[in-house]
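All chains should be built: construct the whole structure from the sequences, respecting the hints.
Going down the list, the protein sequences come from chains H and C. Its first residue numbered 1, the first sequence is counted upward by one per residue in this note's numbering. Its first residue numbered 1, the second sequence is counted upward by one per residue in this note's numbering.
Worth flagging that the hints you see were computed from the coordinates, not collected in a lab. Hints are supplied without guarantee of correctness; some may be wrong.
Heads up, simulated BS3-like pairs for lysine-lysine below, C-alpha to C-alpha not over 27 angstroms straight-line [stated by the list, open to error]:
{"hint": "1", "chain 1": "H", "residue 1": "Lys416", "chain 2": "H", "residue 2": "Lys334"}
{"hint": "2", "chain 1": "H", "residue 1": "Lys268", "chain 2": "H", "residue 2": "Lys373"}
{"hint": "3", "chain 1": "H", "residue 1": "Lys318", "chain 2": "H", "residue 2": "Lys334"}
{"hint": "4", "chain 1": "C", "residue 1": "Lys143", "chain 2": "C", "residue 2": "Lys17"}
{"hint": "5", "chain 1": "C", "residue 1": "Lys181", "chain 2": "H", "residue 2": "Lys170"}
{"hint": "6", "chain 1": "H", "residue 1": "Lys416", "chain 2": "C", "residue 2": "Lys143"}
{"hint": "7", "chain 1": "C", "residue 1": "Lys297", "chain 2": "H", "residue 2": "Lys122"}
{"hint": "8", "chain 1": "H", "residue 1": "Lys406", "chain 2": "H", "residue 2": "Lys373"}
{"hint": "9", "chain 1": "H", "residue 1": "Lys268", "chain 2": "H", "residue 2": "Lys321"}
Computed footprint of chain H on chain C; a stretch qualifies when at least three of its residues, placed anywhere within it, have a C-beta under 8 angstroms from a C-beta of chain H [claimed, not checked]:
{"hint": "10", "segment": "28 to 34"}
{"hint": "11", "segment": "110 to 120"}
{"hint": "12", "segment": "143 to 154"}
{"hint": "13", "segment": "176 to 186"}
{"hint": "14", "segment": "231 to 240"}
{"hint": "15", "segment": "341 to 350"}
Glycine residues also receive a C-beta, built at the ideal position from the N, C-alpha and C atoms.
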Amino acid sequence: MSAIAFPLPDPGILARREEIVAGLARLVAPEALITAEDERRPYETDALTAYRRLPLAVVLPSTTQEVAAVLKFCGEQGVPVVPRGAGTSLAGGAIPQEDAVVIGVSKMNRILTIDYANRTAKVQAGVTNLAVTGEVSAEGFFYAPDPSSQLACSIGGNIGMNSGGAHCLKYGVTTNNVLGVTMVLLDGSIVEVGGAHLDSAGYDILGLINGSEGQLGIITEATVRILRAAEGARPVLFGFPTSEQAGAAVAAIIGAGIIPVAMEFMDKPAIEICEAFAHAGYPMDVEALLIIEVEGSDTEMDAQLARIVAIAREHGVKTVKESRSAMEAAAIWKGRKSAFGATGRIADYICMDGTIPTGQLPYVLRRMDEIVKGYGLRVANVFHAGDGNLHPLILYNCNDPIEAQKAEDAGMDILKLCVEVGGCLTGEHGVGIEKRDLMTFQFNPEDLNQQMRVRAVFDQRWLLNPAKVFPLEGRVAA
Amino acid sequence: MTLHIPTTEAQACAIVKSVIDSGVPLSIGGGGTRAGLGRPTQTQSTLSSAGLTGITLYEPAEMVIAARAGTPLAEVERTLAERGQMLPFEPMDHRPLLGTEGQPTIGAIAAGNISGPRRINAGAARDSLIGIRLVNGRGEAIKSGGRVMKNVTGLDLVKLVAGSYGTLGFLTEVTFRVLPKPERIVTLAWRGLSDEAAIALLCTALGSPYEPFAAAHLPAGIGAEQPRTLLRLENFSDSIDYRSGELIARLAAHGAPEMVEGQDSVELWRDVRDARVFAGTDEAVWRLSLAPTDGPKATASIAARVPGARWFYDWGGGLVWLAVPAGTDAAADAIRTAIRPLGGHATLVRAPAAIRASVPVFEPLSEPLMRLTAGIKTSFDPAGIFEPGRMYAGV
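Below, the structure is given as structure tokens:
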């Protein structure tokens with residue numbers, strides 16, 4: 001599969017490799033610099049594994065000052081830089097290029113301070129998402145954004161991609177949960193944006209940084225909100241005879257003034273794949289499954305569930321299955337959160353990530369099915385029903401180049417469909433390289449030029465993660 | 001004074017293009033109720049959103065509403081209320097504090113990132129703002145975001161524009177995420193607590209599983225003789241009974257609170273939201289944003305430096321509304337010196353124009369942040385025609 005183009009490596013930089021590596025070696029400890037080909041190999045891709053580029057060198061700094069020294073050097077030398085968290089991007093956001101230095105924050109993995117009274121945690125950028133929750137869970141707190149990759153993905157990467165998760169219907173995505181960052185700019189200057197307080201005056205540069213995909217600088221520390229967990233949480237399975245009924249039930253629940261913490265949708269292929277993997281007790285005789293999670297005390301959850309069940313019954317629900325123990329609840333979520341991994345056991349897949357207005361759900365599901373069948377492939381659907389964020393998994397065989405191309409084409413058609421119905425190309429995975437060339441479907445040239453002019457304030461020469469987000473043609477530098 | 005009132009986005013683009021040629025800077029106007037926020041500007045022309053009105057999209061089941069920028073906030077709120085919904089962030093009404101009249105617009109809520117007490121739980125205006133259309137300083141109509149709440153496609157210009165006070169462009173349409181109104185609202189009010197004890201109470205409550213939606217402390221003399229410490233719960237009725245009971249038990253060391261419901265509760269929070277206790281005085285009014293436990297430290301430090309200072313706390317202690325004798329500089333240096341070690345921000349919300357022209361209204365930025373700020377301004381508005389100097393001198 002080679003449909004997505006990379007910029008041609010700069011021969012001048014490749015020719016200066018020895019010199020550049022020697023320069024980097026003067027700036028960081030020997031163990032922080034990776035130059036041998038076999039040791040650079042693990043950094044050649046991320047979770048979009050169909051694309052690989054071996055970087056010029058990899059640097060794994062331990063301090064903000066080291067990041068600053070390396071960035072300043074790369075800036076002076078005109079060497080492209082690809083920032084990297086844990087390398088779990090599904091959109092190719094961390095895939096390097098041959099003439100680039102990868103700056104990874106994985107060694108910056110300390111939790112610096114926890115402030116329960118003010119409900120904040122200050123962490124280094126390489127700390128994993130789940131480690132934040134792990135650090136504070138004994139006190140009953142958690143960090144809200146919960147992408148499926150949360151065991152591995154880093155806070156720095158989460159901020160770079162403005163990661164979401166299953167529970168953002170109630171708790172928001174990364175940008176709603178970050179109060180401040182320390183970021184290193186391309187000239188090596190270190191800037192503190194935000195802090196431990198809410199809503200700094202001035203332009204919301206923190207809001208701009210969230211989801212900027214490593215194009216503005218490198219985040220080395222972050223202050224995030226931690227929240228007190230509810231007294232209890234209970235996921236419940238609702239099986240529906242049709243997707244339309246499931247979709248209508250979601251709209252009716254919201255219409256009744258109920259915002260569950262999560263409402264996850266799975267279609268029949270996804271149910272089968274996930275059940276075979278997780279043995280979560282998913283009903284197998286339904287076409288659509290909703291996992292709806294409620295929170296609160298037992299009595300509160302009973303009351304809220306009674307309301308939800310009544311609405312589901314009005315919409316023809318076939319099966320209602322409550323988790324009766326923490327173990328059952330965990331199994332229900334395990335099934336959903338391992339959807340990608342479980343799918344990977346039976347076939348290769350590409351995971352799309354468009355968002356649609358939820359009212360368009362029945363139409364979009366039908367159209368997606370037609371699109372994928374039109375290419376002779378299969379699709380399994382999991383998505384965040386409350387907010388319309390779709391994750392169709394297009395199944396294919398990666399050893400068959402023709403089928404691989406078809407899968408990619410089907411995915412692109414689906415994303416265009418999302419834009420056509422009023423949605424967007426990506427809800428939480430980011431643009432990366434994957435959707436870069438589709439940006440012109442969602443934005444006109446003036447929209448994109450304005451984004452690129454803002455980008456140029458931080459990086460006029462397109463050195464920071466340059467192959468990503470914006471189409472390679474027509475780039476604006478000021 | 002020229003007043004431009006476009007009725008279409010295309011007209012707005014044409015006006016901006018003509019202004020670029022003439023080089024005459026523009027103020028951006030909506031309902032005019034917040035014209036006194038920021039540094040005074042020296043413009044001779046105003047580009048008004050008054051001709052761009054009307055709700056363009058409302059899908060209750062998708063929890064989204066879009067309106068042209070000049071639509072009165074009241075119309076948006078009324079439309080939402082008809083379907084049992086609301087804006088999540090309880091936007092402040094600046095009219096009482098600034099002594100202005102007119103109809104606040106939905107565009108100004110976005111342009112000023114105007115939030116209220118609910119911000120602490122449900123996020124700020126900028127967190128609910130999911131899409132904008134804007135005419136930039138090149139006279140181009142651009143969009144960012146859209147109508148879906150999960151969207152990470154490209155750079156988030158929506159956030160940049162939220163709180164930019166018209167300096168980056170002229171908003172023509174804004175799209176907000178909305179939420180259902182709660183079935184029941186109850187306020188728990190404790191009396192007689194010191195600032196430190198009150199903020200400790202609020203932090204305990206906010207760190208509990210019972211999800212207060214608003215948390216304020218009004219010291220003695222702020223609207224009543226006795227200090228009052230307020231927690232607001234919003235939920236289904238049976239949950240309110242349960243949660244208020246749990247909170248009262250957990251906070252028993254601070255005494256037993258009074259339970260306030262209905263219109264009394266609405267008025268309490270309206271007064272907090274709009275800082276009405278400072279309405280109609282000749283004091284200068286500041287808004288300090290801090291980590292909540294730093295709130296009382298900041299006020300103690302300020303009280304020692306600025307005689308006559310009065311204050312109250314919202315956001316669990318993290319937002320301090322501060323009134324000081326206006327004097328010649330609204331005590332700017334003393335206030336900023338007091339909060340600097342705490343790492344917070346101070347914004348001068350109300351003061352005579354001469355003071356707002358001579359002291360920084362917004363917290364001064366570090367050198368690299370100021371450089372980025374100036375660059376962002378230029379990227380949207382290369383000729384510097386929108387609200388020059390409203391936020392920072394020279395920007």
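Going down the list of hints, with the structure as the test:
For the hint pairing lysine 416 of chain H with lysine 334 of chain H, the CA-to-CA distance comes to about 31 angstroms; that exceeds 27 angstroms, so the pair is violated. For the suggested pair lysine 268 of chain H and lysine 373 of chain H, the alpha carbons sit about 15 angstroms apart, so the restraint of at most 27 angstroms is met. Restraint check for lysine 318 of chain H and lysine 334 of chain H: the C-alpha separation of about 22 angstroms stays at or below 27 angstroms, so the hint holds. This hinted pair checks out: lysine 143 of chain C and lysine 17 of chain C have alpha carbons roughly 18 angstroms apart, not beyond 27 angstroms.
A hinted pair counts as satisfied when its Cα atoms are at most 27 angstroms apart, and lysine 181 of chain C with lysine 170 of chain H qualifies at roughly 14 angstroms. Only pairs whose Cα atoms come within 27 angstroms are accepted, and lysine 416 of chain H paired with lysine 143 of chain C is accepted, the gap being roughly 18 angstroms. Under the criterion of a C-alpha separation no larger than 27 angstroms, the hint pairing lysine 297 of chain C with lysine 122 of chain H is consistent with the structure, at around 21 angstroms. For the suggested pair lysine 406 of chain H and lysine 373 of chain H, the alpha carbons sit about 11 angstroms apart, so the restraint of at most 27 angstroms is met.
About 17 angstroms separates the Cα atoms of lysine 268 of chain H and lysine 321 of chain H, which keeps this hinted pair within 27 angstroms; it holds. Only residues whose C-beta sits within less than 8 angstroms of a C-beta in chain H count toward coverage, and the segment 28 to 34 of chain C has 0 of them, not enough to reach three; the restraint is violated. For the segment 110 to 120 of chain C, the proposed coverage by chain H is satisfied: 4 residues have a C-beta within less than 8 angstroms of a C-beta in that chain, meeting the threshold of three. Counting residues of the segment 143 to 154 of chain C whose CB lies closer than 8 angstroms to any CB of chain H gives 11, which reaches the minimum of 3, so the coverage claim holds.
Coverage of the segment 176 to 186 of chain C by chain H holds in this model, with 5 residues showing a Cβ closer than 8 angstroms to a Cβ of that chain against a need of three. A count of 3 residues in the segment 231 to 240 of chain C with a Cβ less than 8 angstroms from any Cβ of chain H is obtained; the coverage claim is therefore met, three being the minimum. Against chain H, the segment 341 to 350 of chain C contributes 4 residues with a C-beta closer than 8 angstroms to a partner C-beta. That satisfies the three-residue criterion, and the hint holds.
The structure is inconsistent with the numbered hints 1, 10, although it conforms to all the rest.
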